[in-house]
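Novice: Sequence:
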Amino acid sequence: MAEQPNLLFVNLAVSDLEKSIAFYTALGFEFNPQFTDENATCMIVNEGAFVMLLVEKFFQNFTKKSIADSKTITEAIMSISVSSRAEVDQFVEKALAAGGTTSNEKMDEGFMYSWSFQDIDGHLWEVLYMDPNAING
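When we follow this note's numbering, the leftmost residue of the sequence shown carries the number 1193, and every step to the right adds one.
It is worth saying that the hints were derived from the structure and are not from the lab. Computed from a prediction, not measured in an experiment: that's the story for all the values here. Do not take every clue at face value.
Unchecked claim - Keeping only pairs whose Cα atoms sit at most 27 Å apart, straight-line, the calculated DSS-like set for lysine-lysine is:
| # | residue 1 | residue 2 |
| --- | --- | --- |
| 1 | K1263 | K1298 |
| 2 | K1286 | K1298 |
| 3 | K1263 | K1249 |
| 4 | K1249 | K1211 |
| 5 | K1211 | K1257 |
| 6 | K1211 | K1286 |
| 7 | K1263 | K1211 |
| 8 | K1286 | K1263 |
Hey, can you work out the whole structure from these sequences and the hints?
Specialist: Spelled out as structure tokens, the structure:
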């Protein structure tokens, strides 16, 4: 794990850690074994961003609030960028094949293309491509 300030750690409550690991492995993510046990795992998004998947009972130790039922309530939308429109489609298709469900239809804003899905616990993920020429120009 990179030793630098401003790393991003997103913490998500999951009902079944092994199933969640299998789901995200099918999407191509890897996990840091140093931070993996029966209660949690650290999914590596990139050098500076990580998703901690925490079993609900363990997750509850970190908050005094109730855990949102992510299958019926939106707690957040995690967005991840990819390098092409085709990769957006491929990523979401992998998620659907691994047990995820469609969240919204594809959105084409010209400079930005996205499609979203729900993981096996109902967490919302948006996969997007932004044309670098439109952003930098």
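Novice: Name the hints, by number, that the structure is in violation of.
Specialist: none
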